[in-house]
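J.: Listed below, chain by chain, are the residues.
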Amino acid sequence: MNARILTALMVLTACATPTVAKVEPVKPVAPVAPTPPAEVRLPGEEVLDTQPTIPALSAFEAPVPVETVLKNGLKVLVVERKGAPIESLALVIKRGSTSDPAGKAGLAAMTGAMLEAGSAKKSASDIAAQANALGAELRVMPATEGFTLSLAALPSKVEPLAGLLADVALKPNFDAKEWKKVHDQRVAQLKEQLAEPRVAAGNAFASALYGDGPLGHGVFGNATSVAALTLDDVKKFWAEAGPGEAALVAVGSVPNQQVVDLANKLFGGWKPVAAKTKAPEAVKPVDRPRLVLVEFPGRPQTVLQVGQPAVPMSSPDLVALRVMNSILGGSFTSRLNANLREKNGYTYGAGSGFSFGRNNGPFVASANVKTNVTGPALKELLYEVGKIVDEPLTDDEVAKGKSLLAYGLVEQLQRADSTSALVSQLFVAGMPLDTLKSFVPKLQTLTAAEVQAAAKRTLDPKTMTITVVGDPGVLSQFEAAGLQLPAPQKRTALGTP
Amino acid sequence: MLTTVLALAIASGPPPSTPLSLTSESLTLDNGLIIIAAPDHSVPGVALDIWYRVGSRDEEKGRTGFAHLFEHLMFMGARHAPYPRFDSIMEAAGGVNNASTSQDFTNYYEIGPSNLLETFFWLEADRLSTLDRVMTDEKLKSQRLIVQNERRQSYENRPYGMADLAVEEQLFPAGHPYSWTPIGSHADLEAATLNDVVTFFRTWYVPNNAVLTVVGDVEPARVFELAKKYLSFIPKKALPAKKPVAPSALTAEKRVSMTDKVEAPKVIVAWQSPRSTTAGDAECDLLASILTRGKASRLYQRLVHTDQLATSVQANQGTKELGSTFLIEAVAAPGHTTKELLAAIDDELKKLTDKGPTKAELDAARARLETDFATGLQDLRTRAMMLARYQVEYGTANSLQTDLERYTRATPESVTATAKAVLVPGRLVVEVTPEAAPTEAVKSKGGAK
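As given, the protein sequences belong to chains A and B, one line each in that order.
Quick note: the first sequence uses the numbering used here, first residue 150, plus one each step.
Quick note: the second sequence uses the numbering used here, first residue 2, plus one each step.
To be clear, the hints were calculated from the coordinates, so they are not data collected in a lab.
Don't be surprised by glycine CBs; every beta carbon is placed ideally from N, CA and C.
Below, computed lysine-lysine pairings styled on BS3-like, alpha-carbon distance capped at 30 Å: (1) Lys340/B x Lys326/A; (2) Lys421/B x Lys351/B; (3) Lys356/B x Lys330/A; (4) Lys330/A x Lys352/B; (5) Lys271/A x Lys384/A; (6) Lys329/A x Lys352/B.
Pair ranges (Cβ atoms, derived): (7) Thr379/A x Lys351/B: 36 to 44 Å; (8) Asp275/A x Ser180/B: 38 to 46 Å; (9) Pro245/B x Gly193/A: 34 to 42 Å; (10) Ser22/B x Thr543/A: 45 to 53 Å; (11) Asp275/A x Lys229/B: 52 to 60 Å; (12) Ser22/B x Glu210/A: 22 to 30 Å; (13) Val435/A x Glu254/B: 50 to 58 Å; (14) Glu436/B x Thr379/A: 28 to 36 Å; (15) Glu210/A x Ala437/B: 54 to 62 Å; (16) Pro174/B x Ser207/A: 51 to 59 Å; (17) Thr412/B x Lys414/A: 37 to 45 Å; (18) Glu308/A x Thr307/B: 28 to 36 Å; (19) Leu634/A x Glu220/B: 54 to 62 Å.
So that you can see chain A by itself, here it is in the shape it has in the complex:
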C-alpha cells in the first residue's frame, strides 16, 4: 500500500549498498515542539530518560566467491551458504546495451527475450511450464553492460534448474514466428512507456549525457530502434557471445563441487568464439547541454534529473564516492531528502546515485516535484549538489555513511538474488573477487577530506546536465527562483533532440 518512503529511491544508489547521511541541519529543519510546561509523565516513563548506548559490533566478513574456470573459458562463481532455503543460478554475459551496434539500440535486450522464446525445440510456453513445475520462473534481465538469465528455487531442484538454464542459453530456437510476436510485443510496450515521464526522463538524460555512444540509450532501446531490428541481428549478436565472456553464478546451499560438475556437464560443450568479435565500447565525452526539456503538458509533477558521466567501478575513488553519495542522496536522512522532502515538502523523496560499471556510467541526483514549486526545488537540488563538492563534510556525516554502507552490504548478502547480483556486477565490471570482502576495511580507513576530494575530482556541478520533464510552463519559475540557465534544448520522450 502506501509506504513512508519509496524504496525505489534507494535503487538510485546503483549497484551496491544503500547508504546514508546525517541531517546536520544545514538550515533549520522542521520545528521541534516545545515540551509542555506542566508535563504529565507516565509512571515508569523515566526508563526513557537515558538513551541506550550502542555497544561495539561483532565483525562481519563478506564472502569471496569461489572461482573455477572451465576449459572453454566459462567462469563458475559460487557463494555457498549452508542451510539456505533458496538456490539461485544465473548465467551472466558481458554483453548488454553497451554492446548494441550503432543504430540497433535494444538488440541485447531483444536477444534475451528471444532466448526465453523457445529452445531445444521447446516452445516458450513449454519452457515456462517446465520452470513453473520446479517452482521457478526464468528471468531475463538485460542491463547496460551485461545481461543475466536466472532461475531460483529450492536447492533440491538444482539439477533440472541448471539443465533448463543450459537449454535456454545454448540451444535457442530463434524461431521466426516467435520472433514476430516477441518483436511486436516489445515495440508496443516501448510505445506504452512513452506516456511515463519517468521513462522519458531516463531516455533524455542518457542521450544528453552520452550522445549516440554506447551509454546514450536505455537498456531496452526505444520503439523506433527496436522496430528496425531483425531476427538475423539477434542471431548474429548471440553467435558472437561466447563462454569466455560469461559466468555461471550460483548462490545457495549447493556445494561448490556439485555446481562445478553440473557446469562441466551442461556448459562444457559451449564453443568459445574469437575474442575479436567483442563490440568496442568507446564512451567518448560529448558536448552536453546544460538544460534539457521534455514536454508533458498539464502534469501535476515535474521529474528533475541532474547529473553527468562519472567514473567506472575500477576507480580508486569508488568507496569514497559511495560514502559521498550516502551523505548526499543515498538514504532517508541524506541532504537532498532532508532538504527537498522534509524541510520544504516539494517531493515524496529526493535522492542520488551512481551507476558504476566497466564504463563511466552516470551520476544522477533526482526528484519528482510538485509542478508549481519546480523552480525552487531545482534551486535547492543544485545547491546541495554544489555544496557537497565545495564545502567540507563533517566527521559525523562520514561515519554515518560508512555505517550504513557496511550494514547495507550485510543486508544485501542475506538474499540469494541480491548476492548473485553483486557477484554478477563485479564479474561484468572486471573487478577482483575479493571486492566485497575488502569493502568494509576500505571504508573504515576513509577520512572526511578524502571523501570530499573524491567528490571534487569526479563531479562538476556547474556543468551538470539538468533534465526537466513536465509542464513547459515551469521554465518561467527558474528565473524567478534566481537560477541563471540557458534556453532549454527540447527533446522527445525518446530522448532525441
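Using the hints provided, position chain B relative to the given structure of chain A.
T.: Quick look at chain B alone, frame taken from chain A:
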C-alpha cells in the same frame, strides 16, 4: 507493499518434505502488547517489526488518507527523541526503517546491526508513549505536503494510477470501509487537524493493539527483557469496536469508463472475493497464478501469445480482513480494444470454471508459491513481518504450517468451486482509454509496424 508481503507469505505445496520452517517464542506483556522473538545468529543484524491493527478502514468520514498520514507523523519526533532523531540516531549506526499502511494494518520496521536493538526498543517506546505530547500543527503540515506529493507520484502522474484508485473506490459500496483508498483524497488530507492526530493516536496506538516482532542475532530472553524494560509501563486502553460492515455484494456488472494520459487502452475486472485465511482465499491465490503467472499461464497464452490482443495481463488476489479483491488487468496491444480483451478474458474464465485446472497446473502454482515463501524466509525483515501477520491472522505466530496447509489441501475441484463462486456476473469493469492521440514522438518516429 501489502501485496508483496502476502505473496511471500502464501506458500506451500505437496512436495513431501517441505524444508521450510519458521518458529518463534512469544510473550504477552500485562498491557496486552504481544512480543514475538525468533533468533538467527547467522547474520550480525536484527529486524524489529511493530504491527498495529489500524488502517484506512478505521478512518472517520471526511478523513480519508488519515491512517497513512498519521504513519508519516510517527517519525516526526517524540518526547525523548525529538525530530529528526528517530532517523538520525539509527542511521548513524547503520540502521534503516520504513513503514506502510493498508486498509487493515499499519506496519513499522527497523533493521540494522544487532547492537542497535536496545535503541530500536527505546525509540519505539518513546513514540508509543509520548508522541501526542509533542505533536504540533507544523509537523502535520509538513507531512501533509509530502503525502500529497506521494499521491501525485504514485497515482496521479503514473499511467493508469487513477484507475487503480477507482477500482478500490467502486468495488465496495459507498460507506463500506474499503470504499476509499489508503492514500485518501487531497481535500480530506487538507481537512485533517492536530486534534484528529492526537485523538487517532490515543485511540489506536495502544499496546493492546500491537504485535512487536524481533528476528535476528539475539536470544528471545533478551528480547523479552528489553520489551519489559521499555514497553511495560505504557498502560493498556479500551479499544473502540471496529466499524460494522454492511452486506456489500455487487448484484450486477458495474462499468466505469475513464480516460488517462496513456498510450494504450487497459481493462481491469474486479470481484469481491473471500476474506483473508477463509475458505477460498488460498484457492484465489492459486487461481491468479494459473491465470497469469508466467508465460505458460492461461491468460498470458491466450491474450498475449496466441491472440496478441494484449501486451501484458495480470491477476491478483488482494487479501484483506473484511473481504478481498480478486482482479484481472490487461493492457491492449496496438489496434485492439478493451472490449476484445474482456471477451477473451471471459472466454478463458468460462473454460476454467467449466472444466477446472489440471492437476499439473495446480501443482505448478503451488510450487511457485513454495519458492516465494522460501525466498521470503531468507531475510530477517520478511520473517519478522510474516510472524507478525500470522499472530494477527491466526492468533499465533507459529502458523507457517497452518498457512501452508491451506494450499496443500487445495484440489482442482476446490479451485473450480472457488472460481465459480467468485467470478460471478456481479463484478466491476474499469476501462481506461487514452485521453488524446499518441504523442508527437510516437506518431512521427514510433514503431514501423
